[in-house]
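Q: Sequence:
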Amino acid sequence: MLRVFILYAENVHTPDTDISDAYCSAVFAAAKCAGTGAATVGMSGPGAGIGTVFGSVILGYARNPSLKPQLFSSATLGFVLSEAMGLFCLMVTLLILFTM
Numbered sequence: 000m001l002r003v004f005i006l007y008a009e010n011v012h013t014p015d016t017d018i019s020d021a022y023c024s025a026v027f028a029a030a031k032c033a034g035t036g037a038a039t040v041g042m043s044g045p046g047a048g049i050g051t052v053f054g055s056v057i058l059g060y061a062r063n064p065s066l067k068p069q070l071f072s073s074a075t076l077g078f079v080l081s082e083a084m085g086l087f088c089l090m091v092t093l094l095i096l097f098t099m
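The opening residue of the sequence shown carries number 0 in numbering that gives the first Met the number 0; numbering runs sequentially from there.
By construction, these hints were calculated from the structure, which means they are not laboratory data.
Take the hints with a grain of salt, since some may be wrong.
Claimed, not checked - Listed next, with one range per pair, are the computed distances between beta-carbon atoms:
| no. | residue 1 | residue 2 | range |
| --- | --- | --- | --- |
| 1 | Leu94 | Val26 | 15 to 23 Å |
| 2 | Cys32 | Glu82 | 22 to 30 Å |
| 3 | Val79 | Gly34 | 26 to 34 Å |
We treat Cβ as the ideally placed atom computed from N, Cα and C, and that holds for glycine.
Required output: the full structure, derived from the provided sequences and hints.
A: Right, here's the structure in full:
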């Protein structure tokens, strides 16, 4: 992938610009892509956590249907806390992509 950015940087070289500027921008773009990819890895955990939360709620409701209100409130809290981590990872990813 870095090779693609370097080849792109060589193609946009003009007499006005120094080749080192083009290489720096290509390496920076590659680092930005790598950082964005690393930040999105953190979004896989909340997906597994939400699946575990709702799987446990279904099992609990199947065993004791009278506890539905308590189970639902606990599941909602678990969902919110799990999803917050995924949203934080998404926010970091978008910050890396669009602010640097």
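Q: Against this structure, judge whether each hint is valid.
A: Taking the hints in turn, this is what the structure says about them:
1. Leu94 to Val26: 15 to 23 Å: holds, 20 Å
2. Cys32 to Glu82: 22 to 30 Å: holds, 26 Å
3. Val79 to Gly34: 26 to 34 Å: About 27 Å separates the Cβ atoms of Val79 and Gly34, which means 26 to 34 Å holds.
The structure is consistent with each of the numbered hints, conforming to all of them.
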